[in-house]
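Okay, here's what each chain looks like letter by letter:
There are 2 protein chains.
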Amino acid sequence: MPKQKIPVQAIPRLSLYYRVLLGYKTSEFIRSSELARLTGFSAAVVRRDLAYFGQFGIPGRGYNIAQLKESILKILGIDTEWKIALVGVGNLGSALISYKGFTKHGFKIVCGFDVNPSKLNKKKADVPIKHMRDLAKYVREKAIKIAIIAVPALNCQEAVDKLVKAGVRGILNFAPFRPKAPAGIEVLNVDLSIELEKLAYFLNQAKQK
Amino acid sequence: MPKQKIPVQAIPRLSLYYRVLLGYKTSEFIRSSELARLTGFSAAVVRRDLAYFGQFGIPGRGYNIAQLKESILKILGIDTEWKIALVGVGNLGSALISYKGFTKHGFKIVCGFDVNPSKLNKKKADVPIKHMRDLAKYVREKAIKIAIIAVPALNCQEAVDKLVKAGVRGILNFAPFRPKAPAGIEVLNVDLSIELEKLAYFLNQAKQK
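Those sequence lines, one after another, are chains H and C.
Numbering follows our numbering, with no gaps: position 48 of the first sequence is 48.
Numbering follows our numbering, with no gaps: position 85 of the second sequence is 85.
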């Protein structure tokens, strides 16, 4: 479907367009200017992003919402449900298991893994918690390709190694550590303090005005 | 110090440069190509970012690390410690209180607020937990300008309103809800599923090759 390779920077924008479109009826049309207003991007950026899908906007009416949603879903690869393994069921892991945003967007944490005996063989929000030693077998059997890491920095590399060995291809890492992974494995490191630094920058700018 | 306005998109890159520089002695020099390699950005992007601070690279040697760190700290506004108020001390809030990455980068959660009686008048990782009704007084007295929201979607707008009224200017929002805030107040919404969508996109692309 995409006429040309979509730059990686556009992907979070497509995610946001999709969130906006969820609020519309599929029979409706939307103009790029409206989508720009609702997401905060410039109309030029939105038009360029949508042009990656080919020319299916109708002059004077805008874009068919059903078609636009389907295209974005396909490009993002979220037209099917992704099963996710979670490593580390401490405070953060528990928060992620209960995070409504994941299931809403096609991501389902199907199992949590930990080594703390007090957490094992229980369920959290209907998700079973298993011992790390069962990870390889489980991930292979369920053909899980995406994992979330929420362990302390010290245990992060070991978790990555185990996941990759079991066939995981994409990892969202919350540990404050940048693990090494073989080529072809995508690791996204979430550094929450970077978001705070953006805020500090904004406040600093405002002060100087 | 900055010779021209730094675009907002450059801010997370500056944060990453700073993290890389922390691993170096301040007496050392670093070339933009090295900084590019370590952060994954292109050398051209790194050079352009550093040029915002003025021309203080030395041809053939690179940039003085002490000077570079100081400039980035100032621009990001993290040359002083920021006090943070946390609203919502559930699983996610508790995880954020213990998150080592914040203090390491100059952000200190000084108080948590909740309404759940089982959480009040206790400390979590040395941070006191107070009732929401004490928020306004506390935030004003301590002149807190940044807050983190980790409450359910339903309680998000109310939390924003209270924080803004008490003088908070920047909010990092983890609730799956996009709250309204007056002009001049920065709200950054953290949507964790967008990160997963990036991963799904990468895996989809790899499959198609």
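The set of hints was computed from the structure by calculation and includes no laboratory data.
It cannot be assumed that every hint is accurate.
Because identical chains cannot be distinguished in the list, a pair is counted as satisfied if it fits within a single copy or across any two copies.
Straight-line Cα separation of at most 35 angstroms, DSBU-like style, residue types lysine-lysine; simulated pairs [unchecked claim]:
#  : residue 1 : residue 2
1  : K198      : K130
2  : K130      : K5
3  : K69       : K122
4  : K122      : K198
5  : K198      : K137
6  : K137      : K25
7  : K108      : K123
8  : K145      : K162
9  : K122      : K25
10 : K180      : K25
11 : K5        : K119
12 : K130      : K25
13 : K119      : K25
14 : K198      : K142
15 : K162      : K25
16 : K130      : K119
17 : K69       : K142
18 : K122      : K5
19 : K123      : K5
20 : K124      : K5
21 : K124      : K100
22 : K100      : K69
23 : K119      : K69
24 : K142      : K122
How the hints compare with the structure:
1. K198 - K130: between (37 angstroms within a copy, 27 angstroms between copies)
2. K130 - K5: neither (40 angstroms within a copy, 51 angstroms between copies)
3. K69 - K122: Neither way: K69 and K122 sit 38 angstroms apart in one copy and 47 angstroms across, limit 35 angstroms.
4. K122 - K198: Between copies, since 31 angstroms is at most 35 angstroms while 39 angstroms is not.
5. K198 - K137: Between copies only: 26 angstroms across chains, 41 angstroms inside a chain, cut-off 35 angstroms.
6. K137 - K25: neither (43 angstroms within a copy, 44 angstroms between copies)
7. K108 - K123: both (15 angstroms within a copy, 33 angstroms between copies)
8. K145 - K162: Intra 13 angstroms, inter 42 angstroms, cutoff 35 angstroms: intra-copy only.
9. K122 - K25: So K122 and K25 fail the 35 angstroms test inside a copy (41 angstroms) and across (47 angstroms) alike.
10. K180 - K25: between (44 angstroms within a copy, 23 angstroms between copies)
11. K5 - K119: neither (44 angstroms within a copy, 50 angstroms between copies)
12. K130 - K25: neither (41 angstroms within a copy, 43 angstroms between copies)
13. K119 - K25: Neither way: K119 and K25 sit 43 angstroms apart in one copy and 42 angstroms across, limit 35 angstroms.
14. K198 - K142: between (39 angstroms within a copy, 22 angstroms between copies)
15. K162 - K25: Answer is between; shortest inter-copy Cα gap is 34 angstroms, intra-copy 44 angstroms.
16. K130 - K119: both (8 angstroms within a copy, 28 angstroms between copies)
17. K69 - K142: So K69 and K142 pass the 35 angstroms test inside one copy only (28 angstroms; across, 46 angstroms).
18. K122 - K5: Answer is neither; intra-copy 44 angstroms and inter-copy 53 angstroms both fail.
19. K123 - K5: neither (42 angstroms within a copy, 51 angstroms between copies)
20. K124 - K5: neither (40 angstroms within a copy, 48 angstroms between copies)
21. K124 - K100: The answer is both: 14 angstroms in one copy and 25 angstroms across copies each meet 35 angstroms.
22. K100 - K69: Intra 21 angstroms, inter 39 angstroms, cutoff 35 angstroms: intra-copy only.
23. K119 - K69: This pair counts as neither: shortest intra-copy Cα distance 40 angstroms, inter-copy 42 angstroms.
24. K142 - K122: Close inside one copy (19 angstroms), not across copies (42 angstroms); limit 35 angstroms.
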